[in-house]
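Protein chains in written order, with this note's numbering: chain A, 1 to 118; chain B, 1 to 390; chain C, 1 to 157; chain D, 1 to 330.
These are calculated hints, taken from the structure and not from any lab test.
For glycine and all other residues, C-beta sits at the position ideal for the given N, C-alpha and C.
There could be a bad hint or two in this list.
What the hints assert, rightly or not - If you only want the chain B side, here are some residues facing chain C, beta carbon under 8 angstroms, derived: (1) 42; (2) 55; (3) 140; (4) 144; (5) 213; (6) 214; (7) 216; (8) 229; (9) 235; (10) 301; (11) 314; (12) 316; (13) 323; (14) 334; (15) 335.
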Amino acid sequence: MSVVREALRQISRRPATRQYPIEKAKVASGFRGRPLWDMKKCIGCLLCQNTCPSGAIEIVGKGLACEIKYFLDRCIFCAQCAEICPVKAIAMSEEFELAGFDRSKMLYWYKREPQPKP
Amino acid sequence: MKMGYASTIRVPFGPQHPALKEPENFIFEVDGDIVVGVTPRLGYVHRGAEKAFEIRTYVQNIYLAERVCGICSHAHTTCYVQAVEDILGAQVPPRAKYIRTIIAELERLHSHSLWVGIAAHEVGFDTLFMYTWRDREAIMSLLEEISGNRVHYAMNTIGGVRRDITSEGASKIRSTLDAFEKRTKEYAKIMQTERTFLKRAQGVGILKKQDAIDLGAVGPTLRGSGVKNDVRAGDPYAAYGEIPFEVISHEGCDVLCRTIVRCEEMLQSIDMVRFALDHIPTGDLRVKVPPAVSAGEAVSRVEAPRGELMHYAKSNGTTKVERYKIRSPTLANIPALCKTLIGSHIADIPLILAGIDPCFSCMDRMAFIDSKTNERWIWSMEELKRKTVK
Amino acid sequence: MERDNEITQNLQLIFSNKLIEIKNPRMRRIFARVEMGSFKEALPRLISDVKLNHLVTITGTDLGQEIELLYHFTRDGSTVVTVGFKIPKDSPTVKTITDLVPAAILYEREIHEMLGVNFEGHPNLAPLILPEQWPEGIYPLRKDRKFEELREIGSKK
Amino acid sequence: MVDGGAEKENCEMTPYEVFQLLVFPGLTLLFVLAFFYEWIDRKFFARLQNRYGPLYTGPFGLFQPVADFVKLLGKEDIVPLACDKLVFALTPIFYFALPLTALFVVPISESTGLIAFEGDLIFVMFIFTMLVVTVFLAGWSSASRFGIIGGVRAALEMLSYEIPLGLAMVGPAIAAGSLSISAIANWQSSHLVWSIFLQPIGFAVLIVGLLAELEFVPFDIPEADTEIVAGWRTEFSGRKLALFKVGRDLELVLASAIVAALYLGGAQALGPIPAIVSFLIKTVIVVLLLTFLRAVFARFRIDQMTAGMWKYLLPIAIFQIVLIQFGIGR
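Model the full assembly from the supplied sequences, consistent with the hints where possible.
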């Protein structure tokens with residue numbers, strides 16, 4: 001009979017469902033979202049490319065002149081790159097609404113000059 | 001079995017079926033309402049993980065191990081890093097061991113409460129399903145807060161853990177668990193007192209003690225048949241050697257007992273997390289380990305939420321593993337499952353199937369098959385039937 | 001530790017001169033390598049005397065010229081005893097243990113399929129995991145099969 | 001179909017009668033009620049489970065059932081090759097038309113039903129049985145394993161709950177001394193007492209029987225989704241499924257209307273409250289009760305259900321009739 005009591009208790013309660021697209025969801029601090037590169041810090045050491053378990057990072061060019069291609073569609077958000085980076089040039093953002101229909105739009109190309117273009 | 005006009009009919013369950021949350025196919029030979037034969041077809045989620053382990057580095061393999069299964073991701077990584085640490089002879093700092101234990105128990109909590117919901121749903125008790133999944137959400141958010149992700153925590157690394165549990169995090173865990181404990185007690189009571197649920201679960205899916213041992217059942221399936229067998233107690237890993245707990249088992253051998261075992265394990269897990277938080281030592285989180293692993297072999301075992309999980313690693317001195325073997329609890333439980341299914345009602349199939357808490361992606365990890373083009377094959381259970389139906 | 005020693009001694013007693021190597025790298029882990037053929041004979045005694053009552057799994061490894069089979073047993077869910085032996089790769093045949101340990105049925109079939117080991121006396125060695133049209137004689141876990149090659153075979157219609 | 005049949009019988013219909021049949025309290029009202037009660041059922045069920053339920057279509061998701069219906073109408077209508085084409089095509093129409101027909105004899109907006117006649121209670125019972133026969137035929141004709149198992153289960157279920165259900169419906173009729181639903185409702189209002197107070201056991205039996213008739217948990221065995229996918233409805237899609245859905249909603253209206261008429265005094269004006277409003281209030285309460293019951297149970301197995309019905313429900317129903325025979329509760 002405890003279900004009956006439990007069910008009756010729910011009538012006056014606010015539904016637990018989050019009305020997601022309308023009501024924005026918040027992620028916890030420290031969430032592992034899309035990684036961001038700070039190209040000012042990057043020294044082109046190739047560690048992130050070599051350690052990435054899913055091959056989501058490709059480094060074009062060498063050393064301080066290198067550019068980074070980041071494939072969002074391959075990324076598994078493990079933050080291994082952020083962990084291994086010797087100069088802390090990679091940070092995990094809190095972005096999580098990353099799904100899309102077009103794979104070609106999921107390439108982020110970090111160039112030496114300011115902004116990354118999707 | 002076949003008598004006169006009333007021959008058997010074949011009822012397929014899956015690969016797409018409401019009772020199965022993952023793609024797997026079972027064909028039931030049904031005589032009236034009674035199952036007389038089971039033919040599972042496996043492999044719908046084969047990804048060739050074992051071969052894939054051999055072409056990646058040790059660090060990359062952590063994340064591959066994590067993705068063998070979603071629900072028990074921490075169990076798989078723990079098992080993997082333990083195997084590698086074992087070969088390396090790395091001494092994991094005690095604080096890291098405690099953090100591993102805490103995450104593992106939180107994972108068990110959310111996995112078992114997921115199971116309680118599924119079991120309720122399988123017998124049409126959707127209200128309880130909604131309640132348990134609502135409250136499970138608190139644990140998921142907690143894990144997100146601690147580790148940075150709801151499912152793939154990525155807490156383990158070879159030689160320790162990657163993130164610390166802060167004192168804030170610890171108090172958050174405590175307060176969440178206090179609320180969760182009350183809810184769990186309530187649901188445990190509902191499942192043990194609600195007459196309609198008892199009618200469906202009591203005496204259903206009988207797996208006798210000796211059968212369970214002979215057929216190699218593991219985890220709550222085995223403990224629900226009255227065998228006190230738990231890797232955490234028998235072969236302590238991480239910090240389990242220092243946390244006092246009693247292995248829970250029940251003699252009933254039916255689905256109800258598996259339910260009770262899981263409910264009690266949830267309550268026990270809460271106590272274990274509390275104990276671990278109280279006694280967590282301070283210190284380093286990880287030790288540095290070399291990228292190449294010297295030649296050697298190791299067997300690592302972990303009590304995943306579904307039962308005994310075993311990984312075997314063989315290294316050859318390079319940065320890549322020579323042979324990696326995973327034996328997931330679901331595979332070990334399949335022979336026992338087939339034994340319990342034969343002779344049951346059609347209506348009881350979903351509950352019995354759910355009773356072992358199957359995790360097919362764990363089970364199917366072994367071979368390499370392209371998920372898009374893989375075809376089906378028959379796993380004739382003739383020999384199993386001969387063994388199991390005496 | 002005492003229990004490990006006891007098991008080690010028991011194993012030495014049972015296999016006597018057929019025992020090639022026995023290791024106890026850490027607590028509750030015992031690795032024993034024995035000669036091919038002696039394992040099946042000793043199995044009843046392993047079960048009754050050493051009380052290895054639970055078969056965790058069987059691992060098959062391709063060592064190049066040979067295939068190594070490792071039988072992982074536990075005793076009351078505690079000590080893991082791994083008994084292994086090597087069989088030649090060109091005629092990989094070994095006696096089944098399913099008559100003594102029913103739990104081995106799936107594990108043996110998996111190895112049969114993945115490494116091409118033939119288990120004599122196994123009730124049914126039909127494909128367990130690979131698709132029906134998977135070409136015969138291609139064993140994915142053998143070292144001479146590359147991942148890319150398998151991907152190609154797997155995606156073929 | 002339905003109004004066509006009615007029109008033939010009463011060739012000389014006044015425009016008002018046509019309006020009554022087609023709009024109020026006829027077809028239009030019944031459809032509105034069907035969708036409205038489905039919404040109540042879904043919304044209340046969701047709230048019991050701490051969810052929102054329908055939310056976005058119309059205010060509070062009121063139009064969600066209509067939207068679902070329209071969506072299903074536009075979907076592809078797949079007919080399995082192996083099925084019995086004629087029966088497969090006819091059963092959705094029957095399933096939809098039968099409760100609609102029965103609703104014309106139940107008083108809704110005034111003290112008598114639209115086409116009330118002496119003995120219409122028997123007619124409604126017959127409709128209830130025919131619905132299950134339709135379900136069985138639908139499952140059988142679809143030539144699918146799940147469909148056949150579902151259909152057989154539905155028939156088996158009917159064999160167990162039909163007698164108690166019938167007895168529970170006959171109870172008020174014995175008390176009122178008439179087999180006309182309108183007469184039973186009028187008897188209650190003229191005696192100023194509702195049958196639920198006279199025959200509480202009968203009311204309980206009727207609710208249990210209707211739960212089974214409507215295939216609600218714990219008796220949703222014929223369409224138990226985790227066991228046999230969608231049961232007898234598995235193979236139906238598009239328009240046919242839409243008709244089944246509306247048929248189910250109409251059945252819910254019929255069930256609540258029958259309970260209201262037989263046990264809650266029917267559509268009687270209570271002081272300033274007009275008959276239609278009192279009917280609505282009563283039926284909504286019945287719907288809420290049915291919804292609540294379906295939320296708090298697990299599903300029975302078919303053998304448990306059959307045994308339980310014959311062992312417990314039938315003797316209880318007979319006991320109620322015996323009590324009435326001895327003059328208690330009339």
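**Asked** Okay, which hints does this one fail, numbers in order?
**Response** Structure breaks hints 3, 4 and 12.
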